Amino acid sequence: MAGDCEMTRTRMIGVDVGGTFTDVFFLDEASGEARVAKVPTTRPDQSGGFLAGIRAHGEDLEGVASVVHGTTAGTNALLERKGARIGIITTQGFRDVLDMRRRDRPRTWGLRGNFDPVVPRELRIEVPERTFADGTVEQVVDLDAVRAAGEHLLAQGCKAVAVLFVNSYANPANEQAAVAALRAFWPTPHVSASSEILPEIREYERFSTTALNAYLQPEVAGYIGRLAGALDEGGFGGEFLIVQSNGGVMDVDTARRLPVRTALSGPAAGVIAAGYIAQNAGFPNVITGDMGGTSFDVSLIAGGKSVLSPQTSIDFGLVVRTPMIEIATIGAGGGSIASVDKGGLLNIGPESAGSDPGPVAYGRGNTRPTVTDANIVLGRIDSERPIGGGLARLDIEAARAAIAEHVGKPLGLDTDAAAEAIITVANSRMAGAIRLVSIERGFDPKQFAYMPFGGGGALHACALIREVGLARAIVPRYPGVTSAMGCVIADMRQDFVQTVNALTAQVDVAGLGALMQTHVDEGLRLIDSAGINFAGREIIFELDMAYLGQTHTVAVPLTVTLDADHKVTPPTREAIRAAFDAAYERVYGRLLPGGVTRVLNLRTAVIGQRPKFDLSTLAPGPDADAEKAKRGTRRVYAAGAWHEATILDRLALPVGTIINGPAILEQADTTIFIEPDHAGRVDDFGNVVITRADAQGDAWKGD
Amino acid sequence: MSRDIDPITLAVLAGRMEQIADEMDATLFRSAFNPIIAEAHDASHGIYHAATGDTLVQGKSGLPIFVGVMAFAVKAVIDKAARDGDLADGDTYIFNDAHLGGTHLSDMRLVRPYFHEGELFCYLASVGHWHDVGGAVPGNYNPSASEAFQEAFILPPVKLARAGVMQQDIVDILLRNTRLPQSALGDLNGQINALDLGVKRLDALLAEYGAETVRTALSALSDRAETLMRAEVENLPDGRWEAEDFLDNDGISDTALPIRVALEISGDRLSLDFTGSAPATAGPINISEGTAIACVYVAIKHIFPDLPANAGVMRPLDITIPAGSILAAEFPAPTGGYTETILRMIDVIFAAASQVAPERVVANAYGTINALSIAGHRADGRRWVMFSFYGGGHGGTPEGDGLDHGNAPISTATIPPAEILEAAYPVAFRQWALRPDSAGAGRYRGGMGAVYEIELLEESAEAFLFGERGRFAPKGVAGGGEAALNRFSYEQDDGFHTPPLASKIVGIALKRGQRVRLETPGGGGYGPPDQRDPQAIARDVARGLVSEERADADYGTAWRGIAK
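Chains as they are written, first to last, in my numbering: chain A, 1 to 703; chain B, 704 to 1267.
Heads up, some of the hints might be wrong.
[Stated by the list, open to error] Keeping only pairs whose Cα atoms sit at most 25 Å apart, straight-line, the calculated DMTMM-like set for lysine to aspartate or glutamate is:
1. A:Lys342 - B:Asp926
2. A:Lys38 - A:Glu666
3. A:Lys446 - B:Asp926
4. A:Lys342 - B:Asp757
5. A:Lys628 - A:Asp382
6. B:Lys763 - A:Glu440
7. A:Lys38 - A:Asp669
Simulated from the structure, these hints should not be mistaken for laboratory data. Since the structure is predicted, the reported quantities are computational estimates derived from the model, not experimental observations.
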């Protein structure tokens, strides 16, 4: 053998670490073979489950080209406040920006709750320095004061330090000088300036993002280091990559530097996979729904592109401003508790039994009925063969008793009807979340397919088709490992932002071009240094713009030409104006004649497109046999009556099988319920496409 | 109970209708031109009863005070339409008259009758705080106004659209009466968009479920809210509890103004009697009766946060607002500073309720909106106005310390970042910080107030402040201590001065390099200070939030034994 690694390393592994399970997706690009594995997540150190997962199908890591990881390590560290002890050095007078937030409160009603920043006040030190909004340095930073502050924080046991100066987005000179002075003696690489992490106007959002990043650095760097070390020991010689909240992946060096970008890593990977699967199946417009134990997460992909939101709050006061796949969450999951209030109204959630103690039927001490209990009572979940492992059987009688007691009695309904009422109200809440991301954003649900993933979503697919008026649902072949598959599919991506803050009429167009060039050069350097083969590269420029006086900006995509050497030709002022008009009219339907516009920020995304694998390799093989898939029948309650539903082994169904409801399709990680008057069809990729029975034919085809 | 509607449909419709109101809110927030709506969410939308104007459904994201007050605005339109006898499908009324519609003249109200198959089904309404509606000062928070006419131009309910046709005359009048016509037109369009969207969504809902089912659901939801409220009240012991607090002054004469309440519970009814509150004032600290009643709703919903946002909640309440008082001022008494008076109403309601249900309430929040304006002209002649509201501490709660630097209980407004203000106006914030020793002591102390020190970077400017709590500090409950007073000072050639009326002043002339300094109150404390965990006291001292002297005075010296 010539020892050509590129030739022999054809395997890719995606690993998504969730709260309960670590899911792994194996793909051999050469043979097209795909396999999945599911192992328990280990706590508190997730690296144990990670390594067990990737070795589930053998120990050999030498032939693996890349391991891509979607992680909740950062999110958990934030939610559980388990980050490192860190210090902050800031402008005189601005020590308390993190406490003060944007003067919001946790909940509108009740005036309860408070907030403690991740950095206590005694570790936030002010130094003399000042830059004005126009970039003028009023006072050059006092570096002796910075060094003294750094020494003090080090003596206090800080593992990282963040330099947060006001108006550093407009001129980073003081911050740069301060971090240079600190780096000269700080014993770890964890020294950061807010202008390095997010050179964007709004001090609270910038400081919070930078401080949370510093808070995560030691932890996440350690976690990634342990994983990388173990991979090396296992003989792994390929690339180790981490999924970001924007749905793109980054190399581990970038992840160590910018751990805050992993905040929604796992869910983002799921949305990426869902979009890819749906597009392959012929449906570029898809709404994803991930139903977990406590929540239902919805995301919309239009024309194959997912919607990004500029920031999110991980918890009250913990603002992270970095592009993230927009995911709307409501508190309606399988573990959500059904209750009737004193006014006689049936509510689902927000209280949840989660996965522990979980539904009443789990027999772990919860006595209040959940959505999953209702699904069990109605026969939609098999109480004798629960999925997910762990439990031998489910206590259906306990679930019935809880529903009768807490819902049936107060509403005057028999237990079956009460259970269906729970499902109906839960469905309407989920439908509300889907309307929120579609109708409310001006998208027509009739143009969209609904893709449930995660364990529980496919039980509710038909109801959501009906409630929202969606064209169809598409259940991927391995819905339980969608996020892990997304890791393998996701592109490499680097995002940049720089505040410009000028009237359109006065924007320095050449300067804007130079900024764009800086972003492009830096982005290409980062994605190319990872040593990944790309099918192509894409560069996206957007300006945040508004009419003068407005505070909400509109994202204005700019078409900018780059030559073969990636040299940017700056856009003309006229092109910027025209792009604004087009974007504004699309969002609001009308322009303001004669309105003065301004440019707030430049955003750049540099994307390295990774080669995509052929999803048909996941399809059922020629040996699949509809007869062998039959597992008998079971009584299922729907629309006020009991039906005899066909039970099928989902993975054994051949391509082209048509399944008329009522039917239940079972597989290791998901149960699909096809309701009466609905039908499903196994498509060429092994997806089950579900439509109303009267809409068969047309609805199975792509748009 | 469930009158002709099955409980499942009812639960589904409750969610659908709430989503319509929420979506109307979101539409306006996105498209509004002025930051008071777009950022501070000083707006609200809802669905109202066709005959009474009662609130049926209200958006979750709008300003809390509007939840109750919009019913009065809709009622004003119902009365007007009954007088004129010309209500038609496609009409939209517009007005800002605060004596008819509550709150203050800055709030522009649009009310649209919603017809289904030729019959009036309900009303939809949109209210939003416009940036400028004329009057003596930009932004309309004129602390020295003695008549509504000095606060803004006054528009009674008139038809902005007749049977779907926009009345351009009305638009022309509106735009001629504001210093910021582009902003006003942008907000007006946003409000019309929100109403259009509400009509579209209701059309779809009625088509899906039928008008009768939706009508039944709406009335069932109000009935259920009433049942819930009665159940909450019935759980409390019968009795009568009183509370009193004061406004500093009315901005014209320096006389303290009492706000008094007697809270009485008898079975499943709760009465709130404000007899004994100050008479109407010459200065703009009055409120209309509708505002006062809406404010009671806000306080009640903070005490019982799970209650739904509809008028059914108000049915078991008996509210007495004395005629001729500061809480029921007649036209044309000025109402520009209504926020201060309703904040004090909430404080006294909490103080009274804390005597009967201490686990239900929190201590007083900072209690003033602190509307501070600094305005001038740039070197090139362009006019600038920096007008903003500032935050303070929330009260201690039965579970923990109050929130540092929160927004007012009547609002959900956020504050613009200092960098946005510095980029837009020629000022530099020299301090944007928590204010040590500003919170009331208690088992759980109040949240911290803030210090904002602002330096002028241009040649000259003029400043005014409309604030409160400069003379009477936010109180603790259940044995908790008082917070610090609001303190405002401004720099002149001979040093810093404080206003004679404490927190209200107009016409401060500032020169380049001079500063104004606003120190806001924290929240009151909850529970006796001697029950506070010494560890928490030592932590506050180590963090510099409480001085050693204050800690000793409030809590004794036991905390000094705690190892750092």
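Against the structure, the hints come out as follows:
no. : hint                : verdict
1   : A:Lys342 - B:Asp926 : holds, 11 Å
2   : A:Lys38 - A:Glu666  : holds, 17 Å
3   : A:Lys446 - B:Asp926 : violated, 36 Å
4   : A:Lys342 - B:Asp757 : holds, 22 Å
5   : A:Lys628 - A:Asp382 : holds, 19 Å
6   : B:Lys763 - A:Glu440 : holds, 15 Å
7   : A:Lys38 - A:Asp669  : holds, 9 Å
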